[in-house]
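Colleague: Listed below are the residues making up each chain.
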Amino acid sequence: MSDVDADAGAEHPDVAAQAAATVDEPELDRGIVEGWAARMISNPERAYRAAFYVATVFFLVTTLFPFYWLFMVAITPRGSLRDVGVFTPGGVNLAAFIEIFQRIPFHRYMFNSFLIATVATVTVLIVASLAGYVFGRLRFRGRNLLLLGVLVTSFFPPAAFFIPLNRLFNANVDVLRPILSAGSLYNTPFAIFIPLSAIYLPLSIFILMTFYSQIPDGLEDAARVEGTTRIGALFRVIVPLSAPGVATAGVLTFITVYNEYFFSSLMTNGRPGNWAPMLEGILRYQGQFEVLFNLMAAASIVAVLPVAILVVVAQEKIVSGLTAGGLKE
Amino acid sequence: MSTDTETRLLARPLNWLETRSEATFAYILLAPAFALLALIAFYPLVDTFRFSLLADQTAAADPFGGFAGLDNYAALLSGEALLPQQFLDPSFATPLLQQALFVTLAFAVISVLFETALGFGQALILDQDFYGRRWVRVAIIIPYAIPIVIQAMIFYLMFNPTIGFGTEFMQWLGVFGENPLANTTDSFIIVLVGDIWKTSAFMALLILAGLQSVDRQLFDVAKVSGASPWQRFKYITLPLVAPALLVAMLFRTMDAMRIYGLIDATAGCQTVPSMSCLVITALQETRRWATGSAVAFLTAVVIGLVVVVYLFGLRDQGAGMT
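Protein chains in written order, with numbering that gives the first Met the number 0: chain A, 0 to 328; chain B, 0 to 321.
Treat the hints as calculated values from the structure; they're not laboratory data.
Nothing false has been slipped in among the hints.
Coverage of chain A stretches by chain B, computed from C-beta distances (three or more under 8 Å per stretch; other residues unrestricted):
no. : region
1   : 56 to 62
2   : 69 to 83
3   : 129 to 136
4   : 154 to 164
5   : 196 to 208
6   : 250 to 261
Far from chain B by the CB rule (all over 10 Å, computed), these chain A residues:
no. : residue
7   : ALA49
8   : ARG102
9   : PRO104
10  : ASN171
11  : TYR185
12  : GLY217
No residue lacks a Cβ here, since even glycine has one placed at the ideal position from N, Cα and C.
Full structure from sequences and hints, please.
Modeller: Okay, here's the thing in structure tokens:
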């Protein structure tokens, strides 16, 4: 007990000096704001801390508020959409979240999007694993030139590829007739996931290349001595050891394909049976005679949930992947 | 027995691969990646250029006519293309924001500047150690990860005159007119705000990576020498982060110049004709495929020129640093 008292009494010399300094200041009759400002001036660290908190709150509000407001629109009954305020809904009607599936088969659109994103992710991971292994671990003539070839594709806009691809996918190929009803790739998931796999391939190649190059040669050699082939060593030793990298590439590919707009909106005619992805579903509530704003908002919230969950679960992967992909060169 | 032959069938190509030299092995493993890139990127790019040299045929079954040389390019660059919007009108009779080249360039420059400033702010916050940092980071990244169509929906609803508060607020400020989603300037601002909201986080993440590679001891030294936080930022953080910052800006600029989805789902390609928008308009509204190809190729050329300018900037920066 007395020890504590003694400690409290023996203040650090700096603190004592500071206290003395404040006491030395002439006693002025200051209001709250003025006093606050005076303390800021005498101790700038305080000002910087305050600025930090203000900025944090500002960024949190600006990034999250649109979602909150979207939810307010979603729960407002259609009749009172005019009454949606900045912070308040115009009424409460959670039935919109059920109606979105009744009006149009929104679950089918979601399924199409999921299927396209999953198939694209698997394709990208396999192809990028092979390429990442080659660029990360092998030495051969023309390596830099080929790597440049991969880099260059990520700089062209998708619009520069679109017209020939559109023609190609609309061409009737008789060989495909038995598998695809129309005989062309238009209105099939292939028309979306093949271009998207190619366009997002370079990012995954860069991420995997970095991870694969960090595996010590000794581990691969040991696997080879044990009698596995080179391909076997890649898929049994290098890929499992680089699991975080593979997860990063996978999560990023899935999110970007799920979010994509250009090819997703142009490669199908927008019907759910023709593998139109989620974005066509959301835009479909914009009917010919009325626009169902609350259903649009509700469908948007449903469609954003999968990626939001993915971000919460895999945020470290997303951050490391984007920085690795962005800062490479 | 049958499984034995199966394994042997599988083993044969693997064994064959095993006996190749390292270079051959490398080329074989790269084959799938390059086959995909060739089909989706290299071949279409060449074909786009070939199409752009042909004439338009709006009425015939085949949208491409005979060889027309650089006529399409000449028409596009002189503002005489037969499209609802112009790519570039040197006489400036068309408003600037109805010319695809200027819309896209203005969008790229303004959005990247704002995103860099806001992203820098976000990165500085995420660089601090504080309670709940993980959740603040999630909140800041989330806009970056949401689908473009939902980003567009949010801003479409927000600036819808009947239900959104955005229009009323902007009219109160005196910026917006009656129906902003039908007005070019107003829609341009809406698209800009939507893009800045979504992609500042991307800049923040790239800048954060740069910030975290800065040696912390430098700050300690500066602190002991009596540098204020602002001076520490100006003389230590900024110069050391500059290379990462420029690379991040390059990536964002390339991406911003491809803008299509956000415009298509909010104001529409007629109201804010970006370069990618003009390609689709040429195809769908006027069925001028050859002109569309020329616009697509010019888009790639313009982006290429911007990249070259940046790379020169980066090189000068690198030369100045050492």
